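K.L.:
What follows is each chain in one-letter form.
2 protein chains.
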Amino acid sequence: MKKAPTIRDVAAAAGVSVSVVSRVLNPDSGPVAPAKREQVLNVIDELGYRPRAAARELSAGHALTVGLVVTDLANPFFAQLADRVVWEARSHGVQVVVMTTQEDPHLEAESLDTLLDRSVGGVIATPTGGNVEKWERLRDLGVNVVFVDRAIPDLSDVDVVSIENSDSARRATDHLIALGHERIGLITGPASTSTGRSRIGGYRAALESASLSLDPMLVRDVPFRGDGGGDAVGSLLASPDAPTGLIVANTAQVQSSVRRLVQMGVRIPGDLSVIVFDDNPWTELTSPPLSAIRQPIGMLALHSLELVLGRMQGRLPAGARTIEVMADFVPRSSCAAPARLATSKSATR
Amino acid sequence: MKKAPTIRDVAAAAGVSVSVVSRVLNPDSGPVAPAKREQVLNVIDELGYRPRAAARELSAGHALTVGLVVTDLANPFFAQLADRVVWEARSHGVQVVVMTTQEDPHLEAESLDTLLDRSVGGVIATPTGGNVEKWERLRDLGVNVVFVDRAIPDLSDVDVVSIENSDSARRATDHLIALGHERIGLITGPASTSTGRSRIGGYRAALESASLSLDPMLVRDVPFRGDGGGDAVGSLLASPDAPTGLIVANTAQVQSSVRRLVQMGVRIPGDLSVIVFDDNPWTELTSPPLSAIRQPIGMLALHSLELVLGRMQGRLPAGARTIEVMADFVPRSSCAAPARLATSKSATR
DNA sequence: CTACCGAGTGGAACCGGTTCCACTTTTGTA
DNA sequence: TACAAAAGTGGAACCGGTTCCACTCGGTAG
Numbered sequence: 295m296k297k298a299p300t301i302r303d304v305a306a307a308a309g310v311s312v313s314v315v316s317r318v319l320n321p322d323s324g325p326v327a328p329a330k331r332e333q334v335l336n337v338i339d340e341l342g343y344r345p346r347a348a349a350r351e352l353s354a355g356h357a358l359t360v361g362l363v364v365t366d367l368a369n370p371f372f373a374q375l376a377d378r379v380v381w382e383a384r385s386h387g388v389q390v391v392v393m394t395t396q397e398d399p400h401l402e403a404e405s406l407d408t409l410l411d412r413s414v415g416g417v418i419a420t421p422t423g424g425n426v427e428k429w430e431r432l433r434d435l436g437v438n439v440v441f442v443d444r445a446i447p448d449l450s451d452v453d454v455v456s457i458e459n460s461d462s463a464r465r466a467t468d469h470l471i472a473l474g475h476e477r478i479g480l481i482t483g484p485a486s487t488s489t490g491r492s493r494i495g496g497y498r499a500a501l502e503s504a505s506l507s508l509d510p511m512l513v514r515d516v517p518f519r520g521d522g523g524g525d526a527v528g529s530l531l532a533s534p535d536a537p538t539g540l541i542v543a544n545t546a547q548v549q550s551s552v553r554r555l556v557q558m559g560v561r562i563p564g565d566l567s568v569i570v571f572d573d574n575p576w577t578e579l580t581s582p583p584l585s586a587i588r589q590p591i592g593m594l595a596l597h598s599l600e601l602v603l604g605r606m607q608g609r610l611p612a613g614a615r616t617i618e619v620m621a622d623f624v625p626r627s628s629c630a631a632p633a634r635l636a637t638s639k640s641a642t643r
Numbered sequence: 295m296k297k298a299p300t301i302r303d304v305a306a307a308a309g310v311s312v313s314v315v316s317r318v319l320n321p322d323s324g325p326v327a328p329a330k331r332e333q334v335l336n337v338i339d340e341l342g343y344r345p346r347a348a349a350r351e352l353s354a355g356h357a358l359t360v361g362l363v364v365t366d367l368a369n370p371f372f373a374q375l376a377d378r379v380v381w382e383a384r385s386h387g388v389q390v391v392v393m394t395t396q397e398d399p400h401l402e403a404e405s406l407d408t409l410l411d412r413s414v415g416g417v418i419a420t421p422t423g424g425n426v427e428k429w430e431r432l433r434d435l436g437v438n439v440v441f442v443d444r445a446i447p448d449l450s451d452v453d454v455v456s457i458e459n460s461d462s463a464r465r466a467t468d469h470l471i472a473l474g475h476e477r478i479g480l481i482t483g484p485a486s487t488s489t490g491r492s493r494i495g496g497y498r499a500a501l502e503s504a505s506l507s508l509d510p511m512l513v514r515d516v517p518f519r520g521d522g523g524g525d526a527v528g529s530l531l532a533s534p535d536a537p538t539g540l541i542v543a544n545t546a547q548v549q550s551s552v553r554r555l556v557q558m559g560v561r562i563p564g565d566l567s568v569i570v571f572d573d574n575p576w577t578e579l580t581s582p583p584l585s586a587i588r589q590p591i592g593m594l595a596l597h598s599l600e601l602v603l604g605r606m607q608g609r610l611p612a613g614a615r616t617i618e619v620m621a622d623f624v625p626r627s628s629c630a631a632p633a634r635l636a637t638s639k640s641a642t643r
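Protein sequence lines, in the order shown, are assigned to chains A and B. Heads up, the first sequence is in my numbering, so the first residue is 295 and it goes up one at a time. Heads up, the second sequence is in my numbering, so the first residue is 295 and it goes up one at a time.
Any given hint might turn out to be false.
Copies of the same chain look alike in the list, so a pair counts if it fits in one copy or across any two.
Said to hold, decoys possible - Calculated lysine-lysine pairs in the BS3-like style (CA-CA distance at most 25 Å, straight line):
hint, residue 1, residue 2
1, Lys330, Lys296
2, Lys428, Lys330
3, Lys428, Lys296
4, Lys428, Lys297
No wet-lab data here; the hints were simulated from the structure. Every value quoted in this text rests on a predicted model; they were computed, and no experiment measured them.
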C-alpha cells in the first residue's frame, strides 16, 4: 500500500515548478512551452499521476458532481432514470451521487444537507413535496436544482422536467371513452403533487368533452409508497357500480395494482379494460399485454442533465425553465369495448 | 447566492480558536470544556455551519464514499442491489457514487480511475472480468474492494459476496428432473465468468447424480448484454430434439428469454417447463407465474457494504473473505411433468 | 539604443478542514 | 504546600491542488 504521487512529485521529477504542471493539467490557465508540456506529460504518464479530486474541489469551491435524489431505485422508473443520468453524466466527466428518500421529507432533508457538504454542482431530484426552505437554501447557495417528474409549485426559480401529464391522462381516458366506456376508474398519485393534479385534470377534461360526469368515487389518489394501489383496485372493483375501465396513473403503484388484478382473477379486457402509466419491460409479458403510457425516460434524464450541466457551466440564461416532453400511448390488448355495453345502456335509461 | 460559513467564521463568532471548533466537530480528537462546547454548538447552529467534505477528505487522505460499479441500472437485479446499498450506506453516513460499465472493460477502467481520483474508501463492484492489473492497483493503493455476484479468480486478496450459484443451479435442475424431464436446456452467463461456471457445474452435478447425460447442445452460454437470451431460446426450441425443461440462469437475459417464449407462443408448462434465475416482481405476473431462484439481493448488498465499511474502519482481520448466501427456490406453476413423457420414453427405448 | 510587450516561469498565498505541539490552567495526590 | 499529571487551549503546519503576481527573458517598434 504505497501512496500516490502528488503534483509536487511530478514537478520535481520533471524539473519544473508546480505552477507549470498545473497549467499543463488545465490547458487554458496559462502558457506553457511546448517542450516542457511534453516533458511534464511524460512524467505524469510514468508516475501514473492523477490529480486528487478533493484538492481540486477544495480550491474550486465546488465539485464536478451532481446529486440524484429519487424515491428508491427498486422502482423501475427511477432505476431507468438513474441509469440514463449516470450514463450521460459519465460522458461529461461528471460523477453522480445517488440518494433515496423513500418519499420521506426527513430523509430528503438529510440528503440535501449531505449534498451541500459535498459542494455538488447540481441536483436532479424528484421532490417529496416538503422541505421548501431547504430547497431554497440550496438554490441560494448556488447549487443548480432541477426537478424531474414532479414539481413544487411554491418554489420559483427551479427548472422542471416532466412529461405532459395532463395530456397523457387525457389521451388514455379518451381511448377508453372511444371504446364505449362510461365509468372509468383512475388510480393516481396524491393530489398534493403536481403530477397527481395534472393527471386528474386531464382525466376530467376528457370526461367533460365527452359530456360524461365525473364520479369522485372513481378517482383514488393513493400515496407513492405502500400497498395503496392494490387496495384501491380492490375497493374500486368491490363497488356495485364498478368501473369497466381503469387507468393506473400512479407510476409507483402500477405493479401493486396489476398484481391485485391478477390475484383477483379479473379478466382483462373482458371484465375490465386497463391502461397503465409507465411502460415497463414486463407490461408486455403479462396476459394480455397491457396498454401503457410510455414515459420517455431517456428524454427526461437527458434534459435534466442538460439543464444542470448547462447551469453549472454558466451557459444558460437566467430564469427557470419548464420542459414537458410528450409521452407515447402504446395500445395493446388490455382494452376493449365494455362487455355489458348494450344491456347496461338500455337498463340505465 | 451568499457563501457558506467556514470553520474560521465559527471560531471567530464563538471567540475560540479553530482547533476548539474542530475538536467539537470530531468528539474523540481532544478535550473541550463543556461550556465552550455548548457555546460552539450554538454558533454552529446559528450560522447553519456545515463542514465542507472536500476539505475533510483532503486532509484525511480518503473519502467517506464508496463506489458502486455495476453493469447498468436498467437491470432490475442491479437496480435493487444499488437501492439497498445506497440505503444501507446512508445509515452509516456514507455516500455512494454509482458508475455503470455496460460490461465494457474500457468503461470499467475509466470508472476505476475516476474512483481513484475521488479517493473513495471502498468499491463494491460486479467486475467485467478484465482490468486485472487495475483492480490490483486499486487494492494496493488501499482502496477496499468487494466483488459482488461475480469474482475474478486471478485476483487474490479481494472479498467476494455471491449466492451459492452451483447449489442453486443444482436445485433447479433437480426440480425438473424430479418432474420427469430428461432433456433440460440451460441458458447461462459466459463460461468465462465465475457465475457462469458455477451454475453449469451445479447443472452438471444434478444430471450426473440422476445418471442423465449432458448434451452440450442444451447448454448455451450467452453474454450478459445484447439479445443473446432470446436467440438462445429460439435456437434451443427450433431443434428437433428440443428440451422439455428450461433453466434461464443468466440473470441479465431472463427478460429477453421470457419475452421470446411469449412471442413464440410456447405453452408453459405444457410445451416447456421454465425456471428463471432472479425473482423479479413481474415473474409472478406472467401467465403462468414463473418458478424462480430468488436471489437474496438485500443480503448481497448488506454483506458487501458490511465488508467494505468494516475494512474502511479497519475492524476486520486481514485476508480476503468469500461469503456465499443461500438463494431460495420459489416453485410456481411454470413447471410440470413433460407432456410426452410416457410416449417418448417407450419410443426411445 | 531604448522602451515596451507578451510568452514563459516559479514563488507563495489560498481553499477549509485536521492534527501536532507547546503552552497555560486545573486538578489530584503525596 | 508542593509538584506531577491531566485538562484545556491556540498557533501553525499540512493535505494537494489552483491562481495571482512578480519576474526574466526574447523580440519588435519607435
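K.L.:
If a hint holds in the structure, say so; if it does not, say that too.
P.N.:
Results for each hint:
With identical chains, the CA atoms of Lys330 and Lys296 are never at most 25 Å apart, being 28 Å at best within one copy and 40 Å at best between copies. For the homomeric pair Lys428 and Lys330, neither the shortest alpha-carbon distance inside one copy (48 Å) nor that between copies (29 Å) is at most 25 Å. Taking the shortest Cα distances, Lys428 and Lys296 sit within 25 Å of each other only across copies (15 Å), while inside one copy they are farther apart (42 Å). Proximity of Lys428 and Lys297 under a CA criterion of 25 Å is satisfied inter-copy only: 15 Å between copies versus 39 Å inside one chain copy.
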